[in-house]
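Engineer: The working numbering numbers the first residue of the sequence shown as 1 and each following residue consecutively.
Read the hints as simulated data drawn from the structure, not as lab findings. Cβ coordinates follow ideal geometry from the N, Cα and C atoms, glycine included. Wrong hints could be hidden among the right ones.
With a straight-line cut-off of 20 Å between C-alpha atoms, the simulated DMTMM-like cross-links for lysine to aspartate or glutamate are [as the list claims (entries may be wrong)]: (1) K259 / E83; (2) K287 / E262; (3) K336 / E407.
Restraint-style ranges between C-beta atoms, simulated for each label pair [stated by the list, open to error]: (4) T88 / D517: 26 to 34 Å; (5) N376 / Q52: 45 to 53 Å; (6) P393 / Q64: 39 to 47 Å; (7) T54 / T115: 39 to 47 Å; (8) S368 / Q526: 45 to 53 Å; (9) E93 / T115: 53 to 61 Å.
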Amino acid sequence: METKNYLLIPAVAMSCFLFSGCGNNDNAETPLPQLAQATPATLNLCSEIASQYTFKNTVITNSQIIAAGNVQYNATESYRAPEHCLVTGYMNERMGTGIAGETRYAIGFEMRLPTNWNGRFYYQANGGLDGSVTKAVGRIVFSAGPDSAALNEGFAVISSDMGHPAPTPFFGLDPQARLDYGYNAVAELTPMAKGLIEKVYGKQPDRSYFAGCSNGGRHTMVAASRFADMYDGFLVGNPGFNLPKAAVAQMYGVQEYSKLVEFDGPDILATLQTAITPEEFSLVSQKVLEQCDALDGISDGMIADTYSCQRSFDLERDVPTCTNGRDNTCLTAEQKQVLGNIMAGPHNSKTGEAIYTDFPYDAGIGASGWASWEYNMALNRDPGAVGFIFSSPPTPFNGATEQSSLEFVQSFSMDEDVQRIYATDSIYSESGIDFMTPPQPTDLSAIKNRGAKMMLFHGTSDPVFSVNDTVNWYNELAEANAGHAETFARLFLIPGMNHCGSGPTTDKFNMIRALVDWVEKGVEPQNITASVRPENAELPSDWSKNRTRVLCPYPQFAKYNGIGNVEDAANFTCVSPK
1 METKNYLLIP AVAMSCFLFS GCGNNDNAET PLPQLAQATP ATLNLCSEIA
51 SQYTFKNTVI TNSQIIAAGN VQYNATESYR APEHCLVTGY MNERMGTGIA
101 GETRYAIGFE MRLPTNWNGR FYYQANGGLD GSVTKAVGRI VFSAGPDSAA
151 LNEGFAVISS DMGHPAPTPF FGLDPQARLD YGYNAVAELT PMAKGLIEKV
201 YGKQPDRSYF AGCSNGGRHT MVAASRFADM YDGFLVGNPG FNLPKAAVAQ
251 MYGVQEYSKL VEFDGPDILA TLQTAITPEE FSLVSQKVLE QCDALDGISD
301 GMIADTYSCQ RSFDLERDVP TCTNGRDNTC LTAEQKQVLG NIMAGPHNSK
351 TGEAIYTDFP YDAGIGASGW ASWEYNMALN RDPGAVGFIF SSPPTPFNGA
401 TEQSSLEFVQ SFSMDEDVQR IYATDSIYSE SGIDFMTPPQ PTDLSAIKNR
451 GAKMMLFHGT SDPVFSVNDT VNWYNELAEA NAGHAETFAR LFLIPGMNHC
501 GSGPTTDKFN MIRALVDWVE KGVEPQNITA SVRPENAELP SDWSKNRTRV
551 LCPYPQFAKY NGIGNVEDAA NFTCVSPK
């Protein structure tokens, strides 16, 4: 369970470590393979798919042509799509263990196949605990607007429920459903989908891409590790690749916040949310900005130099301590202790060993998404995930009430019970860590050596999956590749962004185009231009709705050039930390 922390490596050494080829490095001198570009094809089959396409244990339930127009992805997002064939179905239907006895399981899927195809396949990975088939539009967080989803750009797209129905997390009682959720659904779906593509277009995909955010980012990193031969490009967003550990850390947060309140009524969540209020989180954000905002050359409400900030900001020193009660201008000594503990991450109290990594202080701490994950999700989702899905054997509880969830959290020992996510038995042969995380996560030699590429992004104000966890992983990946991970994998940090979007940030961008260019043309992504979303309710009122910024490959960050419009990305340059 040890969590390595490379974040304090001297900046000059880090820059040399990742970008300039210090020391002997044969790998850096050997060009990696260049994959060929995809070529287009035209759809030649749709309504007859059910009768003409067969694949083991697969049932096609419907196939029909959908006219060009908008596809409503959810209540707030709509994406444009060309004319395409919509295919629905399921694989591996069976009866298994559920909360109320025998339950039907199957790997449900949806595919959208454009009439005019660009020759590429896109696996759209879900977030959360899966359990439903989302619209296969090729959506990746907020991308660059309704035109930029992969389907509209000509990809054939698949989405899936990952082998279990809602409501979740009760599928965790079934050992096979756990494995399907963790990794096996991808192994089953990919050859089926490629076979179907070959049937309707006359050829297999020339290039295949895998993308997702949150748990979808975890799915993507697992695919890069387990199924490197199946995909050519991997787009990883805010990855929860250590999701069982992160879920335990969320419960640790509830334990800590509970020290600040008294639960004397029926509304557990409302009481918990008074531990540190939105106004008090905003105070912390303000004080972090006071110490760190100008480190990147401009005071603009964004902290691009994340890790210099961690050296500049001190919670005890920079946030006033209350002396006459709470009034939103201070934190009590007890609140500081609790927040400091949470930001440091949970540890075994006997050995001092880290259970999950720490979190950086950042401007997005004051955003509503931060508090939502700290309180609501931590109380109402993570206990069920830990108890039903990640523990072996399951340690279920009556998760129907917040009271029962709170009792489960409060009884969970960070010293003893955390071992459940590493345990196996005769029924649950793979632990939560085994089926959820990428095996040998820093050995990506298979994708590297065949010319595949990976791009990652992570918001620096993610309250559930710490950006530090991803940074630590990337540093270890660089170490495993003689300091040259950037030849096939690049990480972009997004200042101020909460979990997969929102916060005081520029969270509108399109990395799939950059990934395709890197994979198929050898065009290395030096930076990515991002803009604000005017509909983002977390944007400060004094920000321009036209603000753009460059996202830089870690460890570089965007520094203002000192002249020109501060709202224009063109006036910022990616620089290495000092």
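Engineer: Failing hints, ascending?
Structural biologist: 1, 2, 3, 7, 8 and 9
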